[in-house]
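Peer 1: Chains as they are written, first to last, in our numbering: chain P, 1 to 390; chain X, 1 to 324; chain D, 1 to 371.
One or more hints might be untrue.
What the hints assert, rightly or not - Think about it this way: if two alpha-carbon atoms lie no more than 20 Å apart in a straight line, the pair counts; the simulated SDA-like pairs of lysine to any residue are: (1) Lys103/P <-> Leu93/P; (2) Lys103/P <-> Asp19/D; (3) Lys103/P <-> Phe144/X.
Since the hints were derived computationally from the structure, they do not count as laboratory data.
As a plain string of letters, each chain reads:
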Amino acid sequence: MSADEPAETFESVDWDETGSRFSTLSRRDRGAIASLALVAAAFGYDYHLLSADRPTLTWPIRWNVTQLDWLFIVTLLALLFYVAVPLYSNRRLTAHYWAEFRKNSLAVVSLVYLAAVFLVGVVGPIFLSKPQLALAQSHQPPVYTAVNAAVPVNCLGDVASGMCHGTWAHPLGTTSDGKDVLVLVVYGMQVSMKVGLISTLLVVTIGTTVGTVAAYAGGLVDEVLMRYVDVQLVFPAFFLYLLLNYLFGGSLFMFIVIFGLTGWGSMARLVRSEALQRSEEAYITAADSAGAGTLYVIRRHLVPNVSNSVITAATLLIPGFILFEAALSFLSLGDPTVPSWGQVIAAGRSDLGTAWWVSTLPGLFLFTTILAFNFVGDALRDALDPRQET
Amino acid sequence: MSMRWYVVRRVLWAVVATYLILSVTWGLLALTPNPAAEQLQFRAAASGGSAEAAREAFEARRGLDRPLWDRYSDYMVNMVTLNWGWSDSRSQPVMEAIAGAIPYTAVYSVPTTILSVLLGLSIGLYSATHQYTRTDYAATFFAFFGYAIPNFWFAIVLLLVFSVQLGWFPVVFDPDVPLVGFAMAHQLVLPVVVLVTGTIAGVMRYSRAEALEYVQAEFVKTAKAKGAGEFRILTRHVLRPAAVPLMTILIGDILGIFLAASYLVEVVFGIPGLGQLSYNAILAQDTALVLGTTLIFTFVAVIGNLIQDIAYTILDPRIDYGDR
Amino acid sequence: MADEPLLSVRNLETKFHTDEGVVRAVDGVSFDVRRGETVCLVGESGSGKTVTGESLTRLVRSPPGEVAGGEIYFDGRDVLDMSDAELRDLRGGRVGHIFQNPQGALNPVYPVGWQIVEAIRLHEEVPKAEARARAVDLLNRVGIPEATRRFDDYPHEFSGGMKQRVAIAMALATNPALLVADEPTTALDVTIQNQILRLLEELQEEFDMSVLLITHDLGVVAEVADRVVVVYAGKVMERGDVFDVFENPSHPYTRALLRCLPGRGGRLDGIDGRLPSATDPPPGCRFHPRCDHAVDACRTGGQPPLYALSDDHDVSCVHYGPDGDPEVVRGDESAGSAVGPGDGGHVGDDAHVGDGGHDPDGESGDGGNEP
Numbered sequence: 001m002s003a004d005e006p007a008e009t010f011e012s013v014d015w016d017e018t019g020s021r022f023s024t025l026s027r028r029d030r031g032a033i034a035s036l037a038l039v040a041a042a043f044g045y046d047y048h049l050l051s052a053d054r055p056t057l058t059w060p061i062r063w064n065v066t067q068l069d070w071l072f073i074v075t076l077l078a079l080l081f082y083v084a085v086p087l088y089s090n091r092r093l094t095a096h097y098w099a100e101f102r103k104n105s106l107a108v109v110s111l112v113y114l115a116a117v118f119l120v121g122v123v124g125p126i127f128l129s130k131p132q133l134a135l136a137q138s139h140q141p142p143v144y145t146a147v148n149a150a151v152p153v154n155c156l157g158d159v160a161s162g163m164c165h166g167t168w169a170h171p172l173g174t175t176s177d178g179k180d181v182l183v184l185v186v187y188g189m190q191v192s193m194k195v196g197l198i199s200t201l202l203v204v205t206i207g208t209t210v211g212t213v214a215a216y217a218g219g220l221v222d223e224v225l226m227r228y229v230d231v232q233l234v235f236p237a238f239f240l241y242l243l244l245n246y247l248f249g250g251s252l253f254m255f256i257v258i259f260g261l262t263g264w265g266s267m268a269r270l271v272r273s274e275a276l277q278r279s280e281e282a283y284i285t286a287a288d289s290a291g292a293g294t295l296y297v298i299r300r301h302l303v304p305n306v307s308n309s310v311i312t313a314a315t316l317l318i319p320g321f322i323l324f325e326a327a328l329s330f331l332s333l334g335d336p337t338v339p340s341w342g343q344v345i346a347a348g349r350s351d352l353g354t355a356w357w358v359s360t361l362p363g364l365f366l367f368t369t370i371l372a373f374n375f376v377g378d379a380l381r382d383a384l385d386p387r388q389e390t
Numbered sequence: 001m002s003m004r005w006y007v008v009r010r011v012l013w014a015v016v017a018t019y020l021i022l023s024v025t026w027g028l029l030a031l032t033p034n035p036a037a038e039q040l041q042f043r044a045a046a047s048g049g050s051a052e053a054a055r056e057a058f059e060a061r062r063g064l065d066r067p068l069w070d071r072y073s074d075y076m077v078n079m080v081t082l083n084w085g086w087s088d089s090r091s092q093p094v095m096e097a098i099a100g101a102i103p104y105t106a107v108y109s110v111p112t113t114i115l116s117v118l119l120g121l122s123i124g125l126y127s128a129t130h131q132y133t134r135t136d137y138a139a140t141f142f143a144f145f146g147y148a149i150p151n152f153w154f155a156i157v158l159l160l161v162f163s164v165q166l167g168w169f170p171v172v173f174d175p176d177v178p179l180v181g182f183a184m185a186h187q188l189v190l191p192v193v194v195l196v197t198g199t200i201a202g203v204m205r206y207s208r209a210e211a212l213e214y215v216q217a218e219f220v221k222t223a224k225a226k227g228a229g230e231f232r233i234l235t236r237h238v239l240r241p242a243a244v245p246l247m248t249i250l251i252g253d254i255l256g257i258f259l260a261a262s263y264l265v266e267v268v269f270g271i272p273g274l275g276q277l278s279y280n281a282i283l284a285q286d287t288a289l290v291l292g293t294t295l296i297f298t299f300v301a302v303i304g305n306l307i308q309d310i311a312y313t314i315l316d317p318r319i320d321y322g323d324r
Numbered sequence: 001m002a003d004e005p006l007l008s009v010r011n012l013e014t015k016f017h018t019d020e021g022v023v024r025a026v027d028g029v030s031f032d033v034r035r036g037e038t039v040c041l042v043g044e045s046g047s048g049k050t051v052t053g054e055s056l057t058r059l060v061r062s063p064p065g066e067v068a069g070g071e072i073y074f075d076g077r078d079v080l081d082m083s084d085a086e087l088r089d090l091r092g093g094r095v096g097h098i099f100q101n102p103q104g105a106l107n108p109v110y111p112v113g114w115q116i117v118e119a120i121r122l123h124e125e126v127p128k129a130e131a132r133a134r135a136v137d138l139l140n141r142v143g144i145p146e147a148t149r150r151f152d153d154y155p156h157e158f159s160g161g162m163k164q165r166v167a168i169a170m171a172l173a174t175n176p177a178l179l180v181a182d183e184p185t186t187a188l189d190v191t192i193q194n195q196i197l198r199l200l201e202e203l204q205e206e207f208d209m210s211v212l213l214i215t216h217d218l219g220v221v222a223e224v225a226d227r228v229v230v231v232y233a234g235k236v237m238e239r240g241d242v243f244d245v246f247e248n249p250s251h252p253y254t255r256a257l258l259r260c261l262p263g264r265g266g267r268l269d270g271i272d273g274r275l276p277s278a279t280d281p282p283p284g285c286r287f288h289p290r291c292d293h294a295v296d297a298c299r300t301g302g303q304p305p306l307y308a309l310s311d312d313h314d315v316s317c318v319h320y321g322p323d324g325d326p327e328v329v330r331g332d333e334s335a336g337s338a339v340g341p342g343d344g345g346h347v348g349d350d351a352h353v354g355d356g357g358h359d360p361d362g363e364s365g366d367g368g369n370e371p
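So here's chain P without its partners, still in its complex pose:
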């Protein structure tokens, strides 16, 4: 507080006002809401004024923004305002967490890898055109490898002693219908990131809200909410997705909504139990007896104090969603229009004996991405939540 500001002592704070709805919002919240409103306006413009097949943007690139893209933009904004901004404004705390996190070198490598996957996944598809059917160039081997020249229809690279060699034109080879595996992998990155991040954002939002409300309201509200969570959790997630997916069809958008709307049970439980522990603590009681409003207490005291466990749990949720999506796509129960890793793995399955790279390479990316999220999540737990041991 600067010196020329009127001194605001504890007694002079009007707690009724502080407890009001508006003042629960910090500057960061207002920034988030403002940008959300902008996105909503842009979405309204795109949805109502532009016909569906007209691209939203023609400059600098042609980009027809889909429903999912809009959701993804919202997710990125949430990440910006609720992860990046706090990390930047609490530099000392960030430095402390980073020092803890850095102790785990495997996690640092994983973080770098994930950042690369994220960036390439977000930016790549804008510059790479969607993989096209090109039967003439089917089954090209990856660069530096060779297969029997009989495998590809015609070999783009050198043919030496009956072996077809890969070329840089298709560094990871091509599928049976001639799509470039590298391009598919890049598109798959975007699909995975969308699935993982958007679903997790939905889960975190719903789970945290339900959890804190249940913990703070208690009584009947708590009972009803938690019994509902019990029922929801009894359904094994995979089969719930399977059933809903069968019934409501398999667009990626549906997929993510189903994940998000049904996957928050354990998050709500976690937040509730954490919040219950916290609400016993002195500062909540103090805020309560000082007359702060319910919403104010939840928003300003409970939520920030459970955020470490939430972030850790969320990091470990992301790979689960990515894996579910890949599995469902692999079963060809996913979105047939989206080149997801699971789909490519399934596509290459029948040609394993001849074109090994089609299934294995995207699988390798899927595996390493999930592994990296697990490493990062584990290190985050150590850094943010030292009470828990694994």
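Dock chains X and D against the given chain P, drawing on the hints supplied.
Peer 2: Below, chains X and D without anything else, positioned relative to chain P:
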């Protein structure tokens, strides 16, 4: 409150949960257009008939034109009496199809469960008592590997290497060999390896974490001071108290992983168990069978939860029956 | 044979390998326990007394702990040379242990009776029914009302004092020759403390055992000890007959401890300063940084040798050595010797020493002394 009353309450809760699940499923079915009906309509329209008439005929045949409440009570009665409908794609009652598939699921599930619990527990306990040794790190890394590897992909890679390239195991599952015998065991090696790799990781990590809480406990020191040997301390004084939280995790988490994994593994290896039955039903848009198989998996989970709760009361003398 | 002490500890060294370095929790401790007597090991939290007790039957967790040197003769046999099987026979068979915290000492998932039966059957091949009968007898003996009925109760159904009684019954199950009692009353209410101490005294008589009582409470020492060993930062400062030590406290540390006892006219606020770093102890006498009488000779070399004051009274202080003058220490009359051990009957619960609040769990197995 007595333990018996507590168990009764948990059983009642399982019944209520089952009822809710059935109702929700019914509601979902009632809300969504039946894919088979859509197909009929499409066919009717394509062959110049009336799509509307085709739909009405279909609904009349299925009794879908009756009031909602009648349909709901019929559905519930059928569910309870295990009359789960007719599978169009297999031309047999759903129950019969399920009964025929269960042995093929059991034949690999049983060894997988035994192996992953035994191996997972022993490696986890070893890791806990030899914390920060090279073996511990290796076990931890293996656990991460098992967690992260997509089992359907792992299955494909194993098939490629060991069946296609090396020819050690059959590529195609043969359902005609006797259920218990060498040939069956031989063709189940790869599926079991895939499933154990996936589930063992969880068992290992959790048993390590739980055991770590106890290897340094005062009462373990007491047991040592009494003259108990290493093995007795580990099994009686560490594992037994750790079993209480482990129970929750083993059934809650691992069962979920296992059910999903077995589904995928059956599809990849072509094992004609419940998973493949369900998968084929989805592809054939055989709603009755999709529903039946999904519900079977769900009931397994409900019963698992129930067993977990009851086991908890038996294992932990400290439980407060008034809670929940 | 009869003259030979039951337990003889010579230059015991126990180390812990930690991230911060090697902690020498016990660094050359020597003392004897004779048959049928009670020896008290006294020191403040972190002084290494618990680790000493646990080293006797090699209970120290290894790694990170390690009994690195010295000799422990129990009944004429070196414990450090024993095989694992022999050690298991010794633990619980001939040497019983009671730990500080009765809440944690019993396994929560077994009935208390089961745990006593286990202690019996680990060492003697007796039928279950007989072991059960003996366990009920023991529970009766340690003062558990309705022992038969409570045999199948779980630890959480007992109070702290009752749990400690069960723990004592368990330690006595095989009629050991030596009972190592590590702060058996610290975690209990003052009223319960006295009951437990009385019980231990009676049982010692009845079972004809030696007791090594580890405590920070000089009031307890005054009540039960035959002989005292004062340890500080892993070293013995003074040891001897309880009357000699109380009437004629010689080491400045012992004198400071005694000053902290109520009714001694001294400061009740403890001793200034804190225990030295366990990974990097000061040279010379370990106590010199807190000692009012420290001279240059105290600050160099190793811990001074134990100089004999009488037959059964030694002190590790340069002022009692060939070049020292005991009057430097003894002239400080604030530690009077007016109160002898015999009438130390009423001792408040704040008789412990230390510079801050005492933390009963502070002396954990790692022997660390972080504040």
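Peer 1: To test your reading of the hints: which numbers does this structure violate?
Peer 2: Of the numbered hints, all hold.
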